[in-house]
Every structure is written in structure tokens, then in C-alpha cells.
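Engineer: Work the whole structure out from these sequences, hints included.
Numbers 50 to 301, taken from our numbering, label the letters of the sequence shown in order.
Take the hints with a grain of salt, since some may be wrong.
Claimed, not checked - Listed next, the in silico EDC-like pairs over lysine to aspartate or glutamate satisfying Cα-Cα at most 20 Å (straight line): (1) K129 - D256; (2) K95 - D149; (3) K159 - D149; (4) K174 - D256; (5) K254 - E206; (6) K245 - E290.
Unchecked claim - Derived CB-CB ranges, DEER-like: (7) K254 - E230: 37 to 43 Å; (8) S253 - E223: 36 to 42 Å; (9) L141 - P93: 19 to 25 Å; (10) R140 - D231: 34 to 40 Å; (11) S198 - E290: 34 to 40 Å; (12) K103 - K254: 25 to 31 Å; (13) L252 - E71: 42 to 48 Å.
These aren't lab readings, by the way, just hints derived from the structure by calculation.
Every residue gets a Cβ at the ideal spot worked out from N, C-alpha and C, and that includes glycine.
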Amino acid sequence: MNNHFIERSTRKYVQKQLFSKEELNDIESRCSYEDPAFCAAACPMKLDGRAFVKSVKEGKFKEAAAMLHRITPFPLILAKGCSHPCTEACRLSEIGDGIDIPALERAVCKYIAPDKKRGLLRFKKKKTAAVFGASLFTLTLAAELERKSYPCSFYIEEESIEALVKDIADFLDEFEMKIIEDQLSSMDIKFFFGEKITPEFILSKKDDYDILGSKLEYFDSEPDELTLMLPEGIIAASSNEDVLESLWGARR
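Structural biologist: So this is what it looks like as C-alpha cells:
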């Protein structure tokens, strides 16, 4: 007997996707649309605040220290002098106090020594660099160039590394200053102390080096907002910038 009617099911079948606990935790840890966390978005250095806090929470201080060393040669200076926009941007600040990430950074710097390792197979670049004048920007610029394997010279008016650190990072205590001094001594930067630095002196070095950096105060012109390049072909930023702006300016 032929069926003239075909019965249609009234049931609805919904396909469910099952996740493991690890996958659910990973999804939960991400912000909507995979945007960075509020703290990371507020940080010019782009420190992954969530990952950093998680590492500290789990006692993985070396892992947390590695995150800091990736974004700046001087994590201790960042931790002690940062204006911490991340704390204000933290979502927890909406219901109370945000996470004090700089306090965690200071704790990590206290227990983990600065990175003084030099690569065994670290080949120097052919281009050379020179930085003039003592400021947080110029100090960090010299360190960033050194990390990128540029042979770097640093001309300053101060008579020693100790005087240099004291002049530009007076917010550090004596023990912390000693840490930075030891770190600078271990870097492959050639220091020229007691120099009388003038615009003419800096410009006279243009034929000796491929890259020049300087304090802005030596020149009357203004640098490009993006490249920080002066019309004279010199990278420069004001020594009046705060710690975060100085470190970020040197990094970019």
C-alpha cells in the first residue's frame, strides 16, 4: 500500500559543541571579540597584564620577569616610576580598587635579578649608534640599541655611571640604584664620561655614526610625533617626559 502522506518530525535537533575544562578557561580568559584586556590596552608598553598577574599568582616569577624584560631593558625603573594607567583601567576599579600591577612588578624585580646574559653567538650589526646627554629616554634608547646588537656609544656630562643613575632615576633607593648601575656595567655600551655636549658637538659626530640619539633640550627644533626624528636627522625626546613616556619613546 502506497503512503500518500509522509510524516514529518516535529522534534528539533540542536547540535551542541562540547569543550574541555581547559578550553572553557581559555575562552573565559579572553575579552569580547578577542580584544586586549583593559589594562593591556591602557599600557603603552603593551604588557599583557592578565598573563603577568596570572604568572605572579602561580608563583612563576621567572616567567613574569621575562614578560617585563621583553618590553623594557629596565623593568625596575618601570616598576618604580610608572604612572600605572593599567590600574585605573582595570575593570576591578569599577567596584573598588584595581589590581596594583606596579606593586607586582616591584615584587618580581626584587626577587629576580636583572637579565645580564649576553648571547654567545650575538653578531654585531654593521651600523653604529651614538646617544648624547643623560635622561631616562637617552639611557633607555642606548640600552634598546644595545639589545638590538648595534655597537653603541653613550656621551654624557656626568663623571660616572653612579652619577648618571642618580641624576635620572632619583626615585630609586640606594639598593635599587646599585642594581641599575651593575646592569649598565654589564651592557655592551661604550660610555664617554665628562663630555661637554653641545649641538655642534653632536652634529660633528654624524659622519662617525649611522644612528644618533639625543636629549631634545640640546636643540630648538621639534621632533616628528611618530618617529621622534628631528630635522637634523637625530632621534630626540624631552627629558621632562614621565617614566612611562620615556621608556616607550625609546622603545618605539
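Engineer: Now tell me if each hint is right for this structure.
Structural biologist: Hints, verified against the model:
A threshold of 20 Å between alpha carbons decides the hint, and for K129 with D256 the separation of about 38 Å lies outside it, so the pair is violated. Under the criterion of a C-alpha separation no larger than 20 Å, the hint pairing K95 with D149 is consistent with the structure, at around 16 Å. Taking the CA atoms of K159 and D149, the gap is near 16 Å; set against the 20 Å cutoff, the hint holds. A C-alpha spacing of about 17 Å is found between K174 and D256, which places the hinted pair at or below 20 Å, so the restraint holds.
Taking the CA atoms of K254 and E206, the gap is near 16 Å; set against the 20 Å cutoff, the hint holds. For a cut-off of 20 Å, the pair hint linking K245 to E290 is broken: about 23 Å separates their Cα positions. Taking the beta carbon of each, K254 and E230 are about 26 Å apart, not inside 37 to 43 Å as hinted. Our hint of 36 to 42 Å for S253 and E223 holds, since their Cβ atoms are close to 37 Å apart.
For the pair L141 and P93, the supplied restraint of 19 to 25 Å holds, since their beta-carbon distance comes to about 21 Å. For R140 and D231, the Cβ-Cβ distance of about 38 Å falls inside the hinted range of 34 to 40 Å, so the restraint holds. The supplied range of 34 to 40 Å is broken by S198 and E290, whose beta-carbon atoms lie about 26 Å from each other. A hinted range of 25 to 31 Å is violated for the C-beta pair K103 and K254, which are about 46 Å apart.
For the pair L252 and E71, the supplied restraint of 42 to 48 Å is violated, since their beta-carbon distance comes to about 59 Å.
In the structure shown, a violation is registered for the earlier hints numbered 1, 6, 7, 11, 12, 13, in ascending order.
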